[in-house]
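Reading the sequence shown from the start, the letters are residues -18 to -1, 1 to 337 in mature numbering (1 follows the signal peptide of the UniProt record, and there is no 0).
Errors might be hidden in some of the hints.
[Stated by the list, open to error] Below, computed lysine to aspartate or glutamate pairings styled on EDC-like, alpha-carbon distance capped at 20 Å:
| no. | residue 1 | residue 2 |
| --- | --- | --- |
| 1 | LYS110 | ASP44 |
| 2 | LYS168 | GLU180 |
| 3 | LYS99 | GLU15 |
| 4 | LYS219 | ASP156 |
Everything labelled a hint here was simulated from the structure, so no lab data went into it.
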Amino acid sequence: MKALVALILLVQLPIHKAVPAAPPAPLGCDDPESEAAAEFAVNYINGHSHHGYKFALNRIEDIRVVPQGPNNDIMFLELDLLETTCPILSPTPLENCTVRSFAEHAVEGDCDVKLQKVDGILSVLASKCHSHADSGEDIRKVCPDCPLLASMNDTEVLETVSAALNDYNSKTTDSYLRLLEIGRAKIQYHPGHVVVTEFAVGATNCSAQEAKANVGACQLLPEDQSNFGFCTAVMVKAPSQDLQVDCQLYGHQVPAPDIPLLSWPGVTYAHPGQDTSAGLAPSAVGVTNHNLGLFHNNPVASESSSSEILRSMLSAKSVAKRAVAEAAQHDKVPRPVGFVPPPPPCPGRIRYFDI
């Protein structure tokens, strides 16, 4: 009898099923974890860019996290970057670099980055970037008299760079410098005719005096002695004539283990026997070095195929569109007077200015 009563009581006990844990709330673009991932991605992009200037984060456009297992996530970032005044060769830390103002004809970079976060440690699986200068029309609205970016193969730009290098090499007692690449150029016509250029240079194994005898024999210093730098030149052509040149060499720098010297700016441009007296390499002429054309896949990561990042980005955008539609439907629900909806999680805040 007692056994029967116990059985009846046992049957009447409520059955408790395991309740699945709620998924974590999606990351917002301005969340600290998102900003840490974006900072890591930007440092990676600058570290693997071989031309032009360093870029700074302007805005996190979107972020999506796909859990892979315990303490293992794949993160997809869409970033807006802005060009700084620091050449990519400069040892100046990014946080000390100044973002070019809108009136200086700003250049924006758009990047898609795929990262993996395992036990709190980030690594980049793939990245894809491109950049573009703001439209001349937008600049004219803000600063009608500001000069716009000139073409790298403009005759006056090449003339200024060549004259500047000739002038510097004729006066220096140090190494003869060769052109690596032209970074930016502007031509102003009013009130005076002025050409402004910026360009990267490399020290050679010749002194400036030795180069006068046989400039074709002057080659960039070997990897263990390399010394790169950056020059600015201002040529006034009217109403008077003047040339001002300023060059700064950065000293020997040891590249990161995964970035060989031959991938550094301009090093692959040098071709013996093709230099002018100014060290102007014809293969460097016309290169648009403000274009952040970066596409990188980590060869050791199984998640890093080029098609995978594009498919994943498209998938992420589809999810975002569905979320926007659901949010719009949700907003139709009546709200109390004075209710202020929370800001959308993405895109994030603009740190400098919008292009």
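Hints and how they fare:
Restraint check: the Cα-Cα separation between LYS110 and ASP44 comes to about 15 Å, which is no more than 20 Å; the hinted pair holds. Only pairs whose Cα atoms come within 20 Å are accepted, and LYS168 paired with GLU180 is accepted, the gap being roughly 9 Å. Of the pairs offered as hints, the one joining LYS99 and GLU15 holds, with about 11 Å between alpha carbons and a cut-off of 20 Å not exceeded. Using a Cα cut-off of 20 Å, the hinted pair LYS219 and ASP156 is violated, with the two alpha carbons roughly 29 Å apart.
Hint check: a violation occurs at hint 4 only; the rest are consistent with the structure.
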